[in-house]
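Construct the entire structure; sequences and hints are all you get.
As a plain string of letters, each chain reads:
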Amino acid sequence: MKKSLTTLALLLGLTIGVMAQGTVNFQNFNAEIGLDQPIYGIDGVTPLAGPGFVAQLYFSATEGGTYTAVSAQPAPFRTGAGAGYWNPGDTSRTLDGIAAGSTAWLQVRVWDASQFATFDEAVAGGGLWGDSILHGPGAFSITTGNAGSPPSLPAGMVGFESFALVPEPSTFVLAALGAVGLLLFRRRK
Amino acid sequence: MGGLRAFARGEQMFKKMFDTPFGVWDIARTHGTKQSHMRTKTLLLTAAVSAAGLATSMAQEVFSVNAVGYVNRAIPNGFSMFSNPLVNSDNTVANLFTSPPNGMTIYKFNNATGAYVGNTFSFGEWGNPTDELLPGDGAFIFNPGAELEITFVGEVMQGDLSNPIPQGFSIKSSQVPQAGQLDTDLGFPVANGDTVYRFNSDTDSYVGSSYSFGEWGVVPIVEVADAFFVFTSAAKSWDRSFDVNATP
Numbered sequence: 001m002k003k004s005l006t007t008l009a010l011l012l013g014l015t016i017g018v019m020a021q022g023t024v025n026f027q028n029f030n031a032e033i034g035l036d037q038p039i040y041g042i043d044g045v046t047p048l049a050g051p052g053f054v055a056q057l058y059f060s061a062t063e064g065g066t067y068t069a070v071s072a073q074p075a076p077f078r079t080g081a082g083a084g085y086w087n088p089g090d091t092s093r094t095l096d097g098i099a100a101g102s103t104a105w106l107q108v109r110v111w112d113a114s115q116f117a118t119f120d121e122a123v124a125g126g127g128l129w130g131d132s133i134l135h136g137p138g139a140f141s142i143t144t145g146n147a148g149s150p151p152s153l154p155a156g157m158v159g160f161e162s163f164a165l166v167p168e169p170s171t172f173v174l175a176a177l178g179a180v181g182l183l184l185f186r187r188r189k
Numbered sequence: 190m191g192g193l194r195a196f197a198r199g200e201q202m203f204k205k206m207f208d209t210p211f212g213v214w215d216i217a218r219t220h221g222t223k224q225s226h227m228r229t230k231t232l233l234l235t236a237a238v239s240a241a242g243l244a245t246s247m248a249q250e251v252f253s254v255n256a257v258g259y260v261n262r263a264i265p266n267g268f269s270m271f272s273n274p275l276v277n278s279d280n281t282v283a284n285l286f287t288s289p290p291n292g293m294t295i296y297k298f299n300n301a302t303g304a305y306v307g308n309t310f311s312f313g314e315w316g317n318p319t320d321e322l323l324p325g326d327g328a329f330i331f332n333p334g335a336e337l338e339i340t341f342v343g344e345v346m347q348g349d350l351s352n353p354i355p356q357g358f359s360i361k362s363s364q365v366p367q368a369g370q371l372d373t374d375l376g377f378p379v380a381n382g383d384t385v386y387r388f389n390s391d392t393d394s395y396v397g398s399s400y401s402f403g404e405w406g407v408v409p410i411v412e413v414a415d416a417f418f419v420f421t422s423a424a425k426s427w428d429r430s431f432d433v434n435a436t437p
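First to last, the sequence lines map onto chains S and W.
Numbering follows my numbering, in which position 111 of the first sequence is assigned residue number 111; successive positions increment by one, without gaps.
Numbering follows my numbering, in which position 245 of the second sequence is assigned residue number 434; successive positions increment by one, without gaps.
Derived by calculation from the structure, the hints in this document are not laboratory data.
Take these hints with a grain of salt, some might be off.
As the list claims (entries may be wrong) - To spell it out: a stretch of chain S is covered by chain W in this simulated footprint if at least three of its residues, at any positions, have a beta carbon under 8 Å from a beta carbon of chain W; those stretches are:
id	region
1	28–34
2	74–81
3	85–92
4	149–160
As the structure is a prediction and not an experimental result, all values here were calculated from the model.
Even glycine gets a Cβ: it sits at the ideal position worked out from N, Cα and C.
Below, the structure is given as structure tokens:
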């Protein structure tokens with residue numbers, strides 16, 4: 001009996017391990033779902049441009065859970081008419097550990113990769129960065145693709161919205177100093 | 190091996206046309222739809238075009254009306270996408286797949302409903318044996334058994350060809366059995382926002398190629414007898430004029 005249960009557990013584990021993983025269409029310009037959500041620089045107006053900036057997809061099984069980056073490389077931003085939109089190369093992203101057809105919570109993180117290799121480094125180092133949760137409407141969920149027989153296509157990022165990068169801390173400091181200075185000047189008067 | 194031979198009307202053979210370094214065979218008479226264990230081969234259209242080029246340089250004028258050949262295709266275990274690259278007098282699944290394994294299923298995608306229509310071979314017969322697959326169409330196929338080699342036999346489509354691409358999603362293929370980049374080599378009328386999804390049967394996942402702001406994210410390269418999902422925002426026609434005998 002014990003041996004049978006162990007064998008069954010192993011078989012179940014193997015089955016779960018080889019289940020299809022959920023997929024997402026990682027584009028912020030996606031005609032399939034009418035998505036057109038560019039990312040902006042720190043002024044909130046100028047579309048972010050150039051391969052020095054990159055976007056990466058993070059995901060979690062729950063809204064409040066820990067968000068993990070997909071294994072694919074971050075996507076560089078375009079230039080010219082494509083400014084504001086990243087170029088994902090292959091538009092499909094696999095969410096490891098998320099079963100195909102199940103719900104996943106998504107987050108997009110953008111940073112200046114010309115200065116910092118990772119998003120966390122950009123945040124810690126005072127670089128330019130942006131986050132769809134902190135600087136956008138928050139996390140959004142989708143039903144992942146690659147489900148069914150034949151497999152469904154990768155799910156578009158329905159619910160994703162534009163956001164702007166955060167100014168560098170030095171900019172904040174300057175702005176704060178300026179405000180303090182103005183306040184002091186007015187008080188003296 | 191695969192090959193191509195051009196026939197003139199009245200079945201007169203212009204032997205000089207085939208006096209070339211390229212090997213061409215009387216494929217239509219020696220090969221039917223039998224399954225072989227050969228690896229996938231590409232139709233030697235380049236050879237045929239080159240042979241025609243040689244022919245036009247000779248004193249005798251040669252006019253070839255149709256081109257007949259065959260294409261071998263490996264159908265792996267599991268899911269894959271494929272198309273019928275040649276037109277035959279009988280393009281039904283029953284004729285294209287004469288000895289499929291029990292449980293093999295062909296899924297065609299209905300653009301209007303967004304759903305698949307499945308056709309399964311079970312207990313010796315297809316659910317819908319008269320269902321057709323023509324060049325320009327495409328489908329998913331599920332093979333429950335070991336890798337299967339099938340042979341498509343028929344004519345290369347020539348002349349002014351037109352393949353309607355509906356708005357939204359559809360599964361399509363090249364009407365001309367050629368390999369290459371989808372737009373620059375095969376003439377697909379790409380527009381901003383179009384996406385092509387090719388299914389990788391090794392990983393059971395799609396590779397998405399989106400055309401945005403004048404460039405592809407991943408350049409879509411298709412092989413002979415490949416099929417793919419295409420999304421387009423507006424219906425259009427994939428038009429192409431093709432002549433096997435045209436000088437390259």
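Going down the list of hints, with the structure as the test:
1. 28–34: holds (count 4)
2. 74–81: holds (count 3)
3. 85–92: holds (count 7)
4. 149–160: Contact hint for the region 149–160 of chain S vs chain W: holds, 5 residues under 8 Å.
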